[in-house]
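Residue-level listing of the chains:
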Amino acid sequence: MSFARLREGGPLRKTVILVGLALFTFWSAAPVLWLIISSLLEQKALIAQPPDLSPQNFTLENFSTVLAAAAALGRGIANSLIVSLFSTALALVLGAPAAYALARLPVPRANGIAFLILATQMLPGIAIAIPLFIVISKLGLIDNVLSLGVVYLSFNLPIVIWILRGFFLGIPSGIEKAAAVDGAGIFATFWYIVLPISLPPLSAAAVFAFVEAWNEFFFALILTRQQAQTVPLVIAQFAGQYQTVFGQMMAAAVISVAPVILLAVLFRNQIIRGFADGMMKG
Amino acid sequence: MISTFEQRRRRTGLFFVAPALIVLAAILFYPIVDSILLALQRVQLAGGAVTQEWAGFGNFERLFTDAVFWKAARNTAYFSVMEVVLVTLLSLGVALLLNHPFGRSGFFRILLIVPWALAPVANAVLWKWILNANYGVLNGMLKSLGVIGNNQVWLGTPLSALNFLLIVDVWKSVPFVALLMLAGLQRVPQSLYRAAYMDGAGPWRSFLHVTLPTMRGVIAIAIVLQTIWSLRVFDLVFVLTRGGPADATVLLNFLAYRVTFNFLDLGYGAAIANVIFALTFLLAAAYVWLLWPREPKGAR
Amino acid sequence: MIHSFNRRTLLKAGAAAGAAMALPDFLGSTARAQAAGLNVFSPLPPDPAPPGAAKFSEEAFAKWQADNGATVAYETLAWPQLHDRMATAFASGAAPWDITYNCGWVPEFESFLSPYADTLPKALVDDLPASSFATTTVGGKRYGTVFTLSLLTLFYNKELLEQAGFKEAPKTWDEMKACAKEMTRDGRFGFVLNYGDPAGIGGTASYWMVFLQQAGGKLYGEDGLPSFKSDEGVAALQMMVDLMPSTDPGSISYAGINDATNVLLAGRAGMMMNWPFMWNAANDPKQSQIVGKMTSAVLPAGPKGSASIDGTDAWTIVKSSKNQDKAQKLIEFYLDAEVQKRQVLDTGWLPIRLSVLGDPEVQAKAPNAAVVLEQAKHPYDSFVTADYNQVTVAIGTEVQQALQGSKTAAQAIADAHEAVTAIVKRRG
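Protein chains in written order, with the UniProt record's numbering: chain A, 1 to 282; chain B, 1 to 300; chain C, 1 to 428.
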């Protein structure tokens, strides 16, 4: 009882927490709120100083224009979904065992291998874009969503491995020993014991991989032409040489972020579920 | 018996790691090696045909006398250090807030994800409009609150422009790192806090002696990853300032882009990229060495 | 990397091959299916785009395809990303297009393009301004055809001009300075421009080139080396510096012309240089608060008269195209008088054909056409070279420093001259 109260803290601490949460809400939400307002305003109102928020300037026209061009946006969202799900799923399937092995199993030079894996991400994408383009174009796989997904896999996998490895390192070794005593093999220990208690880091890694693939711009620009265009390219279409149709761009951004938020809402329990609330109640 | 068990564990370990390594090597080995070789060549497309010749370390020598490169290096050093410090501290703060009973509502977790989930293209353009010196909403808001009398050109002076790039990038980067730290916080066993409470430790001491040590690995990962990302910042510079005014916001990765894709000076661009690689490598290695929790030998 | 890449190195690299080739090849085959037709790389509207990519002359376009037994497939991309995708494709020797849009990049990509414009029909060439080929000619060969007359002219807010006590647009530098100064009041500015991005056509350096030519200067001498460390070069920059007190101070931070245009459209700036397309935007009640108040005029004259720069939106044919003749036919179709007329009437982009520019219907619908045509009588060299991006970054950065007051005009010009000389010499 008193411990639970301690976790909440005294009046001073409660105030600090509430003020902190308010600041956090403003900091995160204010720009996003402005994005939503912008998507509902005519450009004329947006360039007024201060921006003219009178009711008659609000319109759904930005959304209807963007949706009228829905072929591009719809295809972009479909492509992005394929690319993101594909690369996220593979990154987890390949990354979780690798991270587990590098953290808990006697792999020779595990630290060196882990660092080497991370080092593949240290060269800026700009440097590998042209060689990568050459390889993929020789294979005839330019403008193919799956080849884009494979490229994203190579960006996400190392990060996924590192996120997961850090958590696997923190698992008390007693758990595995108990499992071994019970006769569980390494696979069984990994599958039935380690993975279930690692849902928070797994979902953090999955969210990471998904969002990064969903939003990646530069390689999507280089490696696609028309058919495999992803959402970021479609959004960028609203910024031309002479004109940026800001309201429409923001409307497209709102539409394109919706699936990600929806996923976050669906998986929020996975993201929330903690070690402490889960199986390892202390 | 024990040695066979150990052998089996080792074999399984290799079997677990191999697929990931093979996939990474298949995709990235050639481009990475090629870009390192490219840095040792003089490659030019413009004007004539594609020409390519070995230049030894000529590109790297050129870097030493290139004032823009040094300016970019200084900008990047400032940007990167500030970014890592700010993102780590703010993310830890946000994670602590959201781990508190008041902050556990799903609303905050969704809110946490939104800035990061926004497409960077749209995000950069959004901030460009928010920060606009003439019709930006930041000026409008601060003016109506009486904080400023006249419109400020936020992206107009070198230091201010660089700092606003920093703020926007921190805004974009905090969510994921906070999520990572939140997941880490939730792994701190409640029993440890309870034990600390029994020992008479206050909130501050239990933070120092329970939370931080358990979080060490997560914080190390956050710092290493954020270092890598802060050295690769590109799209914000591209949309918000184009490196201006007068190269004040040119960061190394933007410079590598400009030299490679605008100047089509591929060898020199690759050399700059390799400098970024070397810098990142050294910094990451140092952080890992300094911060990584030393595991007791028996952990394996 | 570029030449040395072959199947063996690919296999040695251990390649993406394994992972990627095993994938089902759905969605990947479009490029091949289109190989029988013409593949055109074009910007997306509202930037200048051809029939089929933009909404005009669509019936004529369908008929042309039927008559010529060709199917045209467009690969469209937002303008700011065009150059990167072209650079990547050309650099790796895998450009899949027959025709590409080009914008001052002809010298840069010259070795990948065909000099087809030398063989255009005489009737067509005679109807085009001779100087429109300046930016598409390399080594005496013509690689591209400009399809829209896009020169910078002066756009100004008539109402603000009259409030400042002027009856007509400034005609000289001195009038312009006086006019801008008078217009700067009540939170408004006399002048606005995007000085944030130093590079390219429409970047800071290119604006200075406008003033440079008005002062009577040139960027390069006969020997190809820079020749702008001169009174003209300094006077041009000094003019820009002199305008700064009446220029929107945000100008130094505006990375795109759109940022500056919005200030003009909000009625908070009196004048700016802009491209012909601006006309429609200014009169669109959804984006503009100055509908009906916008007028354009020839740019004010410096010591040597008026001058401008060329936006150089052109069509080029890729050397590796297997359909050279058909591609040229298609470009000739884009330049057909009727298509050119629909281009301006339906999209607002001016034609390049002199006969169409002079058409009364066109002049009625696009009142600024006459102004642009008049502007075209003065010099409008964009000084495009193979190292244009590098040169404009070097000059533009120095110009920005002078505009910020951290260097004198003379010092900035001297430093820019030195930097450009080094760039030109490095290329050899």
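The set of hints was computed from the structure by calculation and includes no laboratory data.
Be careful, since some hints might not be right.
[Claimed, not checked] Straight line, CA to CA, 16 Å or less: simulated EDC-like cross-link-like pairs of lysine to aspartate or glutamate:
id, chain 1, residue 1, chain 2, residue 2
1, A, Lys177, B, Asp66
2, C, Lys377, C, Asp127
3, C, Lys293, C, Glu168
4, C, Lys286, A, Glu212
5, C, Lys304, C, Asp231
6, C, Lys286, A, Glu176
7, B, Lys143, A, Glu42
8, C, Lys286, A, Glu42
9, C, Lys141, C, Glu168
[Claimed, not checked] What the simulated footprint calls covered on chain A by chain B, stretch by stretch (three residues with Cβ under 8 Å from a Cβ of chain B suffice, anywhere in the stretch; the number is not a length):
id, stretch
10, 16-30
11, 135-142
12, 248-262
Everything numeric in this text was worked out from a predicted model, so none of it was measured.
Note that beta-carbon positions come from the ideal geometry of N, C-alpha and C, so glycine has one too.
> Within 16 Å, alpha carbon to alpha carbon, are lysine 304/C and aspartate 231/C?
Replying inline: holds, 13 Å
> Is the straight-line distance between the alpha-carbon of lysine 293/C and that of glutamate 168/C 16 Å or less?
Replying inline: holds, 13 Å
> Is lysine 177/A within 16 Å of aspartate 66/B, Cα to Cα?
Replying inline: The given pair, whose Cα atoms are some 58 Å apart, is violated under the 16 Å limit.
> lysine 286/C and glutamate 42/A: Cα distance at most 16 Å?
Replying inline: Distance of about 6 Å is within 16 Å: holds.
> Does lysine 286/C pair with glutamate 176/A here, judged by a C-alpha cut-off of 16 Å?
Replying inline: Distance of about 66 Å is beyond 16 Å: violated.
> Counting residues of the stretch 16-30 of chain A that have a beta-carbon nearer than 8 Å to any beta-carbon of chain B, does the count reach 3?
Replying inline: With 9 residues in contact (Cβ-Cβ under 8 Å with chain B), the coverage given for the stretch 16-30 of chain A holds.
> Going straight from one Cα to the other, do lysine 143/B and glutamate 42/A come out at no more than 16 Å?
Replying inline: Roughly 22 Å between the alpha carbons, so the hint for lysine 143/B and glutamate 42/A is violated.
> Has the stretch 248-262 of chain A got at least three residues whose CB is nearer than 8 Å to a CB belonging to chain B?
Replying inline: Satisfied; 8 residues make the cut.
> CA of lysine 286/C to CA of glutamate 212/A, is that 16 Å or under?
Replying inline: violated, 35 Å
> With a Cβ-Cβ cutoff of 8 Å, does the stretch 135-142 of chain A contain at least three residues near chain B?
Replying inline: Coverage by chain B is violated here, the residue count being 1 at a Cβ distance below 8 Å.
> Straight-line Cα separation of lysine 377/C and aspartate 127/C no greater than 16 Å?
Replying inline: Roughly 15 Å separates the two Cα atoms, so the pair holds.
> Is the Cα-Cα distance between lysine 141/C and glutamate 168/C 16 Å or less?
Replying inline: violated, 42 Å
Checked against the numbered hints given earlier, this structure breaks hints 1, 4, 6, 7, 9 and 11; the rest are met.
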